[in-house]
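Take the sequences, apply the hints, and build the full model.
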Amino acid sequence: MTLDVTSETTELRFPSRIEAVDEAAAAVSEFMNRLGLSEDVAFGVDMAVREAVTNAVIHGNKLDEAKLVELTLRNSPEVFEIRVHDQGSGFNPNEVPDPTKDENILRTSGRGIFFMRNFMDEVDWLPDPEGGTSVRMIKKR
Amino acid sequence: MAELNISERQAGEVTILDMDGKITIGEGSVALRTAIRRLLEEGKKKILLNLAKVGYIDSSGIGELVSSYTAIGKETGQLKLLNLTQKLQDLLTITKLLTVFDVYESEEEALASFK
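Top line first, the protein sequences correspond to chains A and B.
For the first sequence, counting from 1, position 101 maps to 101 in my numbering; every step adds exactly one.
For the second sequence, counting from 1, position 60 maps to 60 in my numbering; every step adds exactly one.
Honestly, the hints are just simulated from the structure, not real lab data.
Among these hints, one or two may not hold up.
[Unchecked claim] Taking lysine-lysine and the BS3-like style, the derived pairs with C-alpha atoms no more than 27 Å apart in a straight line are:
#1 K96/B with K101/A
#2 K80/B with K44/B
#3 K53/B with K96/B
#4 K74/B with K101/A
#5 K87/B with K139/A
#6 K80/B with K101/A
#7 K96/B with K74/B
#8 K115/B with K74/B
#9 K115/B with K46/B
#10 K115/B with K44/B
#11 K44/B with K101/A
#12 K140/A with K87/B
Below is the structure:
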């Protein structure tokens, strides 16, 4: 893991393994402690980050440790922004079925994106022209 | 220390699993899956999960709860949940799974509910 901290932005890179989820969550927790977010907000952001990094490690980089997951945390007076970038081929989030519909309620997967959207104010996916996919999640301050 | 420690108790025909830790992707989810499979192999089909000390669960862990519920149901067994934390209750509410699971706050009531 490498760490580069400025006054407003933290960037971290993780090899694509399951342990990256806890490592990323710990980094976000430390960042949030400095921002003084409420416990409820911090819980939701933590959950969203864990789900986004899980998706990047498993679905994006397919657990290939040679591929990195990049986490960027940016704080401004208006928003707390989190970006998670993977080196995968991307996907269409609109094709992920709504897990709360009756026909999907007993599915054993597919709730990660639902949690990200539920706990953050904005979530969008951006294909990277240099390759890979970024998910950008925003929590308004 | 393991992410998720599971202790087993027997109350008549009901097996109670006292869970302590996190049910998250990787070790925690696998520990739950392994415990449920073992119980089913042993013919124990009435299972009560005591989640009082589960401080954290992610979408993978919730998926594992659903998987356990359906696996036990296929064997004509019953899975019930006991002592949800407020956070877990909130997560099951927003995913509408609180309407699927049979949830109790009292172990005595939970045990009495098994048929």
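Quick rundown of the hints versus the structure:
1. At most 27 Å may separate the alpha-carbon atoms for a hinted pair to count; K96/B and K101/A meet this at roughly 9 Å.
2. Taken as a hint, the K80/B and K44/B pair is honoured in the structure, with Cα atoms around 13 Å apart against an allowance of 27 Å.
3. Between K53/B and K96/B the alpha-carbon distance is near 22 Å, which keeps this suggested pair within the 27 Å criterion.
4. Under the criterion of a C-alpha separation no larger than 27 Å, the hint pairing K74/B with K101/A is consistent with the structure, at around 22 Å.
5. For the given pair, K87/B sits about 19 Å from K139/A by alpha-carbon distance, which is consistent with the 27 Å threshold.
6. With a CA separation close to 22 Å, the supplied pair K80/B and K101/A stays within the 27 Å bound.
7. Simply put, K96/B and K74/B have alpha-carbon atoms about 21 Å apart, close enough for the 27 Å limit, and the pair holds.
8. Between K115/B and K74/B, the direct Cα distance comes to roughly 16 Å. Compliance with the 27 Å bound is thereby established for this hinted pair.
9. A threshold of 27 Å between alpha carbons decides the hint, and for K115/B with K46/B the separation of about 9 Å falls inside it, so the pair holds.
10. The suggested pairing of K115/B with K44/B holds, with an alpha-carbon distance near 14 Å, which does not exceed 27 Å.
11. Distance restraint check for K44/B and K101/A: the Cα-Cα separation of roughly 31 Å exceeds the 27 Å cut-off, and the hinted pair is therefore not satisfied.
12. Straight-line distance between C-alpha atoms of K140/A and K87/B comes to about 22 Å, which keeps the hinted pair within the 27 Å bound.
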